[in-house]
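There are 2 protein chains.
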Amino acid sequence: MIHYQNPKLVLGCVPEWEGRILLCRRAIEPRLGFWTVPAGFMENGETLQRAAARECQEEALATVEIGSLLALVSVTHAGQVHVMFRAKLLRPEFAAGPESLEVGLYEEADVPWNELAFPSGEFTLRRYFADRAAGREDHHFAELNRPMKI
Amino acid sequence: MIHYQNPKLVLGCVPEWEGRILLCRRAIEPRLGFWTVPAGFMENGETLQRAAARECQEEALATVEIGSLLALVSVTHAGQVHVMFRAKLLRPEFAAGPESLEVGLYEEADVPWNELAFPSGEFTLRRYFADRAAGREDHHFAELNRPMKI
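Here the protein sequences come in this chain order: A and B. Counting from 1, position 90 in the first sequence corresponds to residue 90 in the working numbering; the numbering is continuous, with no gaps. Counting from 1, position 147 in the second sequence corresponds to residue 147 in the working numbering; the numbering is continuous, with no gaps.
Interface residues of chain B toward chain A, partial, derived using beta-carbon atoms under 10 Å: (1) N6; (2) K8; (3) E46; (4) S74; (5) V83.
Beta-carbon label-pair distances, calculated as ranges: (6) A96(B) - E93(A): 52 to 60 Å; (7) N114(B) - G45(A): 25 to 33 Å; (8) F129(B) - E93(A): 42 to 50 Å; (9) F41(B) - E102(A): 32 to 40 Å; (10) A27(B) - E93(A): 50 to 58 Å; (11) A27(B) - N145(A): 31 to 39 Å; (12) H77(B) - F41(A): 13 to 21 Å; (13) P30(A) - E102(B): 44 to 52 Å; (14) A130(B) - E143(A): 28 to 36 Å; (15) E65(A) - A109(B): 37 to 45 Å.
Keep in mind the hints are simulated off the structure, nothing from the lab. All C-beta atoms, glycine included, are put in the ideal place defined by N, C-alpha and C.
Kindly produce the complete structure, drawing on both the sequences and the hints.
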């Protein structure tokens, strides 16, 4: 008898510093070499916000203050739910953690849209910039139900 | 070597019909005999909203349209994250599913506050009624980090 498994939570954030946002280039599979917002699997004993901040610390060695809820993405084909927050970088200090090749601050126009690791990251970033341009902080739902083309 | 486990998602909703809300009295442990909003573990392959609607169908044999996001509760001591939505009951038809002893529609004043099964349910219901009274539909975060007294 096989029991179903429950979806895993992936927590992340979009850290901003003086208008630019922090992105990481992945040093691990899947999608090694592609770009992502800081995000990873939530662990037991932490809140949604603490998980998002911890992932940013681990992947970008950067300290953030987590802000408003940005995106809730049901990644049904992968059995994951991605929860993304807005965040403020507290100091302009960051560096590649063990799971990142490089980390940098990017203007909207300089985001490597064609080299993003995951569709949920693209959804998150597009909603982030659209809301910022409109002066609002909404939250957004999406379902991603097929593996991306590689 | 022991791997950490990841938190499980519990999805639920507050179904409303003509101003009253649907509650279930639990037929299973934990908290057998106590009252709860329809909620349960999310399964792979469903979105947040479909999971919330399915749980309402299973526990209250009731069909709902899921609405806005209401509560995100990190239940850190239990390794769970509870996500609750507002919902509309599509027809005034409901009955106890296999995990419920009884199901009913309640006015705010008649909610059995002292017989609620879980603190996250109480948090969810209190925010629901406060927002409704204020004419808004916000979402609310909470951390619950200790087992309830029984």
